[in-house]
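For the record, the sequence lines run as chains A and B. Per our numbering, residue 134 is the first one in the first sequence, and the count goes up by one each step. Per our numbering, residue 230 is the first one in the second sequence, and the count goes up by one each step.
Worth flagging that the hints you see were computed from the coordinates, not collected in a lab. Just so it is clear, the structure is predicted and the values come from calculations on it, not from any experiment. Among these hints, one or two may not hold up.
These stretches of chain A come out as covered by chain B in the derived footprint (C-beta under 8 Å, 3 or more residues) [said to hold, decoys possible]: (1) 271-279; (2) 343-351.
Now the in silico label distances, taken between C-beta atoms and shown as ranges [unchecked claim]: (3) B:D398 to A:D397: 27 to 33 Å; (4) B:E319 to A:E366: 49 to 55 Å; (5) B:S412 to A:A187: 37 to 43 Å; (6) B:Q563 to A:P370: 18 to 24 Å; (7) A:R188 to B:A345: 45 to 51 Å; (8) B:F411 to A:G184: 39 to 45 Å.
Just so it is clear, CB atoms sit at the ideal spot from N, CA and C, and this is done for glycine as well.
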Amino acid sequence: MHDSWITRRHRELLSLRQPGPGWGNRPGGQPYVEPTALAALALAASDPEPGNAARQSRAAVATAARWLVDMQQSDGALGISADLTKPRWTTPLAILAWSAAGGAAEHGRKAVAWLLSQRGDTGVPAEATPYGHDARIPGWPWVEGTHSWLEPTAMAVLALRRAGLSHDERTLDGMRLIRDRAIRTGGWNYGNSTVFGSDLRPQPAPTGLALLALAGAEESDSLLIERGCDYLEQILPTTRAPLSLCFGTLALTAWGRRPHEADDCLIEAHSSAARRSNSVSQLAYLLLAAGSRTLTLLGVVDDSHSAPQVKKSDS
Amino acid sequence: MEPSIASGGASNRPVPLEFAGPRQGSIDTARGRLTRRDLLVGAGSLFGVAGAGKWFWDDAEHFRRASVFVARVETYGPELVDILHRGLTELGLGRSALRGKSVLLKPNLVEPAVDAPHVNTHPALVRAVVELFHRWDARDVVVAEGQGHCRDTAFVLEQSGLERVLDEDHISFVDLNYDDVFSIDNRLRFTALSKLYLPQALRRADFIVSLPKMKTHHWAGVTLSMKNLFGVMPGVCYGWPKNVLHHAGIGRSILDITAAVRPHLAIVDGVIGMEGDGPIMGQAKPAHVVALGVNLPAVDATCARLMGFDPFRIDYLRNASGVLGPIQERHIEQRGEALSSVAQFFALPDHPHFKQFRGTQSMAPS
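One chain only, chain A, in its complex shape (with noise of 0.2 Å):
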């Protein structure tokens, strides 16, 4: 992507704080941990041109983590937002946001050690269900209390990786659950394969992630990720959404097919994205996905060094 490009998204996300230390659902919205903690992201995996927009975004990056140590709650754990405390399906994006900042360290184990603590219900009906899943494989829920879906638990996964716990029972039961999740046509949607028999449509967003979380454990010629390389190969031209287009692109690039013309897509993408309201997340998945470290920045590219580490007995 080019280097002019990169300079006006990283000037426009941070034209989208204002006025407090952290990045709302719409522009100049009271701050949220996830679009905070993506714009974060975003800034820290992508060079600005050097000069103001290089050193204001390093600044950003900075406030953005600080104040969501701030949003951490006493058991590790971060909500929605300052106002909403729960749900809490927002950790694994602070682990991700801190390990690119630098420093929280010792927030960043903590918030690992409560994602650990944590799984989706995986109670099953003594009579037969209708889904083709086993629901009994842990994961993570978005709400405590309720089953494991697709996101969030790549997210976990995603984070984990990122922490240094590729290896951790938790972390590969996050990757067994995907596998299990994956739909038999080819990739993922928000976790339902079959119903009653008939096989649910995929979606970019959810098959991104899940080729992202399971990058590097997994054979590259092996079904499950042909085939959602496949079906993201056919349905990302034909799509200008930022947040498929996001984690579709990274995934493709994780696994050595990201298109050629990728980086045009995003060009595009960013002039419709600006019309919808919450455009702050939608620049910082562009900014994500244009971002020359973002793969490490996820933990699906190892760069042990720069991320939180948490031993086994920590957790």
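Put chain B on the given structure of chain A with help from the hints.
Only chain B this time, still in chain A's reference frame:
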């Protein structure tokens, strides 16, 4: 017309709990609600004779009346605006009801499905409602959704075709999954949820319209204007899918949410509905109808009949009877097309699970 949550300061207003109980069974006895026995005993002591109690029970909807307009609609063409105009006028709605109002339209966008447009409310119907309400001098009309199966709102809008309509007609869109939220006490308490978290967009609106697709639903039986309200619940609080509501009970959640949001109008897209394994994997069902009404249970009960269902076999409709509206045919004033002339049989999958919604007759009658 009952006020909605949108009218401002709604959080402390009681829901319209003119409790009268369902026709069959009991409502949520575990949470202290009245049982059939309670009602009969109470009525008996009031009137002194058991017969009076029976009268009360059988006429649970006695004080509830509603009108529903059903229109035959062949296609999603420009004539939709005139059809809606006629229907709403018949229901007593017009310029005086919409003038100066801030309107929120809540279509049903479940998930992206380019190859299955019958999953989502057709964009042409959304466009027609916006056009008519602007003609009637609404201050503004926004489209709002918090879809449950896909976190990427931009992708859903794009793939459903709604984005193009929003852009061409300069219609604002609010992502309810990511709006600021407020909480209210869950006063109906069909579920164990003590509070409900709702998007601020509902408070900003004066007039809320549920704009669902007419579909079968493998858990609820049918999904219409009441079930469509799952989509106002913010994903940041309830997840994708909104599994908290599944755990709380889908039917019970439908009732609590309907009582909390209290939309002013329902317009059901049955031009091409969905039968079979709805709400996402079923087959297109050209039913060629649009149903309108200000009382959601009455509209949904009418649509259920149009689809070949007895509303009293649909758990949440049965429990809404008398509590949120009438569902008995004799309490619903039918306007527009006669039901018998436009009714279609919406098939269900041939699986034992679906028998609860229609007895043994899951497939089309011979």
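Any of the earlier hints contradicted here, and which numbers?
-> 2, 6
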